[in-house]
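Chain A is already provided as a structure; the job is to place chain B on it using the hints.
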Amino acid sequence: MSQVSPGSGAGGASVLPWLAAVREAALAAVVALVVAVPLMGFETVQQASGLELRTRWDWVAIAVASVFVGRLLLALLRPARRRRTGGVAAVGHVGRAFRDLARWLGPAAIVFALTLPLMPFSDRYILDVSILVLTYIMLGWGLNIVVGLAGLLDLGYVAFYAVGAYSYALLSLNFDWSFWVCLPLAGLFAASFGILLGFPVLRLRGDYLAIVTLGFGEMIRVILINWYKLTNGPNGLSGVPRPSFFGLPFSASAPAEGGATFSSFFDIAYSSTHRVIFLYYLILVLALLTNLFTLRIRRLPIGRAWEGLREDEIACRSLGINPTNTKLTAFAIGAMFAGFAGSFFATRQGFVSPESFTFIESAIILAIVVLGGLGSQMGVVIAAIVLIGGPELVRQLEDFRMLAFGGLMVLIMIWRPRGLLAFREPTIRLRPRSRAGEASAESAQGG
Amino acid sequence: MSGSGMSQPAAALLTVEHLTMRFGGLVAVDDVAFSAQDKRITAIIGPNGAGKTTVFNCLTGFYKPTIGRLTLEHPQHGPMLLEQMEGFRIPQRAGVARTFQNIRLFGAMSVLENLIVAQHNTLMRASWFSIGGLLGLGQYRKAEREAVDLARYWLDKVGLLERGDWLAASLPYGDQRRLEIARAMCIRPVLLCLDEPAAGLNPRESASLNALLLSIRDDHGIGILLIEHDMSVVMQISDHIVVLDYGRKIAEGEPAQVRSDPAVIKAYLGEEEDDELPPEVAQDLIEDRTAGEAGAS
Chain A
171 MSQVSPGSGA GGASVLPWLA AVREAALAAV VALVVAVPLM GFETVQQASG
221 LELRTRWDWV AIAVASVFVG RLLLALLRPA RRRRTGGVAA VGHVGRAFRD
271 LARWLGPAAI VFALTLPLMP FSDRYILDVS ILVLTYIMLG WGLNIVVGLA
321 GLLDLGYVAF YAVGAYSYAL LSLNFDWSFW VCLPLAGLFA ASFGILLGFP
371 VLRLRGDYLA IVTLGFGEMI RVILINWYKL TNGPNGLSGV PRPSFFGLPF
421 SASAPAEGGA TFSSFFDIAY SSTHRVIFLY YLILVLALLT NLFTLRIRRL
471 PIGRAWEGLR EDEIACRSLG INPTNTKLTA FAIGAMFAGF AGSFFATRQG
521 FVSPESFTFI ESAIILAIVV LGGLGSQMGV VIAAIVLIGG PELVRQLEDF
571 RMLAFGGLMV LIMIWRPRGL LAFREPTIRL RPRSRAGEAS AESAQGG
Chain B
2 MSGSGMSQPA AALLTVEHLT MRFGGLVAVD DVAFSAQDKR ITAIIGPNGA
52 GKTTVFNCLT GFYKPTIGRL TLEHPQHGPM LLEQMEGFRI PQRAGVARTF
102 QNIRLFGAMS VLENLIVAQH NTLMRASWFS IGGLLGLGQY RKAEREAVDL
152 ARYWLDKVGL LERGDWLAAS LPYGDQRRLE IARAMCIRPV LLCLDEPAAG
202 LNPRESASLN ALLLSIRDDH GIGILLIEHD MSVVMQISDH IVVLDYGRKI
252 AEGEPAQVRS DPAVIKAYLG EEEDDELPPE VAQDLIEDRT AGEAGAS
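For the record, the sequence lines run as chains A and B.
Our numbering puts the first residue of the first sequence at 171, with every later residue one more than the last.
Our numbering puts the first residue of the second sequence at 2, with every later residue one more than the last.
Isolated chain A, as found in the complex (with noise of 0.2 Å):
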């Protein structure tokens, strides 16, 4: 009796998650095969006598099918990884781990950064994709002040970028100013623009800041379009100058007016790829100056005034603290860095235009700050790879590259719903990181 009951009780207990498994699958396969007739069960071919509608069921099939097995895999699989994993537990032990792993990761990721383009797998493609990630964290350090730290949420941050761009193009243009002189004039006009946005929202909060951000990046791109005289309108600005290396243009043969090139002065067989080594540098620079800044800056009472106002704005006010400066300050400090970035993107690009600042650049900024982990530095970098770099990486997949995009944030999303690095160091500890340190994290975790 007690020998056979165990047995009986097992069978019966894997016969209907059996059943239940199918159920489910079968369900699942049901919703498959009605969202894959309209979208993969007709093509359209373009024939002699106009376009014509085939059908492609066997796609059909191979759809159902696939979600049918797994879902039942994941459906018979799921209990045991429930059992194995257990809960809240779980979560804060994935949490630990990717805190131990960030703290070796990033000093990694400088040094790999740093030898980059010395490495011989790295051609002009790489380099190019690398500028682009770069300026992308970039960005998502300056808007992780903003939103991260001091918990404005703002959908117009590319504005203060189009503002950085448009001042280098403009002053260089205008005025044959060098880049080291544009630079910090371009984030001064920036953070201009970032209080002159700041004084009206000061009073918002959440979505209404959304919204009046949203329409802030809108209105400087309509201006940038219709203002004709300044910024020649739709048609942008071009033959903004290149940037030299301290005086020595990167060119074939040397200047007009004479003078060296990069390649002659230093005695070395001119590469149009020095440019791009230079640039790549150049914002790797930019880009760890704003880390820094951040860094240190958390530390400050500023800093931690901005967390204090994303906790909780009246305690703020109750403490004695200034809102209307601390919310100015986070968006000055965060604009200013999106014009240092925009006036980088306008010396690589030698063309502006207000097409390169539409609404779409300020939702990848964003999606790069949330996806990383809101205030999370390192976050931000691996968000910004996954983001910019992914679509590069799957670029063989050809139509289905979004597809496959969008497959991977949903999953991301899934798997940590809070950001990738979803931890907060606090700023300062009553005693140094110890076993006891451990332990109140660990509880900080759990509650």
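Treat the hints loosely; a few may be bogus.
So, partial list: chain B residues that the calculated Cβ filter (under 8 Å) puts toward chain A [to be verified]: (1) 86; (2) 99; (3) 109; (4) 114; (5) 118; (6) 128; (7) 138; (8) 139.
None of these hints come from the bench; they were simulated from the model.
Glycine included, each C-beta is placed from N, C-alpha and C at the ideal position.
The following block gives chain B in isolation, referenced to the frame of chain A:
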């Protein structure tokens, strides 16, 4: 901290005159006048909706009073008119700190960070408005060490020293209440306003709160203004009680005096026309009923 032990204990720290607050047609507070003394605990009591929290919000700059004068006699900086000051300047300049009925901590920050944020203005000056701090000047590092020392003192005082590196949101309810008081004390106030500090505490926690408030009053020599429903707290530690009902002051005085005031009994129990209660029964009923209200809220 005032530290001027020579001054008359009867010197009014806070004087409220003709305080009236209207929201449209609703008169929440109507011509209320009272004063709070240095080194004294003044309690404001009254039934729900009597306007106690509105008085607090006027005092701490969250509301601008419709009519009235609120004078704070600051021991160092002289008299200040609170109703003319911008909200955040009241804690900054006049040294009026407050806590909230529904606790407002910086939940995602550590306990210690909560107390450091409270010393924002001191640290901001020491860091030369962030510029010196960014450059890593020694002056700021020294100021930060002092800030941590003050925080450590208050953590010890409220019994949270062991949990200084915890997230504020992960603390149990009673600890969160005490942390909020510690945070308010970190701005070095001259007047501490507590909005129902004993709400939701068990009897043991409530007793330790009493000890904490008495120690703040006696050791730090500041005035405490208290809104409270829990009569065991109010009657035991208050030096002076102000009773509000429907926005008006109906009684004022020593605890024993207020306890037997017919107007107060009427406000709490309603008027019974044909059936007079003996005073002792009425007092018991007040205590039962207020304890019940505190539990329900």
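Going through the hints against the structure:
1. For residue 86 of chain B, the shortest C-beta to C-beta distance to chain A is roughly 11 Å, which exceeds 8 Å, and the interface hint is violated.
2. Look at residue 99 of chain B: its Cβ gets to within about 5 Å of chain A, closer than 8 Å, so that hint holds up.
3. At about 6 Å, the closest approach between the beta carbon of residue 109 of chain B and any beta carbon in chain A falls short of 8 Å, and the interface hint on this residue holds.
4. The criterion of a C-beta within 8 Å of any C-beta in chain A is met by residue 114 of chain B, whose closest approach is roughly 6 Å, and the hint holds.
5. Interface restraint check: residue 118 of chain B against chain A, minimum CB-CB distance 4 Å, threshold 8 Å, status holds.
6. Nearest Cβ of chain A to the Cβ of residue 128 of chain B: about 6 Å, under the 8 Å cut. The hint holds.
7. At about 11 Å, the closest approach between the beta carbon of residue 138 of chain B and any beta carbon in chain A exceeds 8 Å, and the interface hint on this residue is violated.
8. At a threshold of 8 Å, the smallest CB-CB gap from residue 139 of chain B to chain A is about 14 Å, leaving the interface hint violated.
Violation of the numbered hints given earlier is confined to hints 1, 7, 8; the remaining hints are satisfied by the structure.
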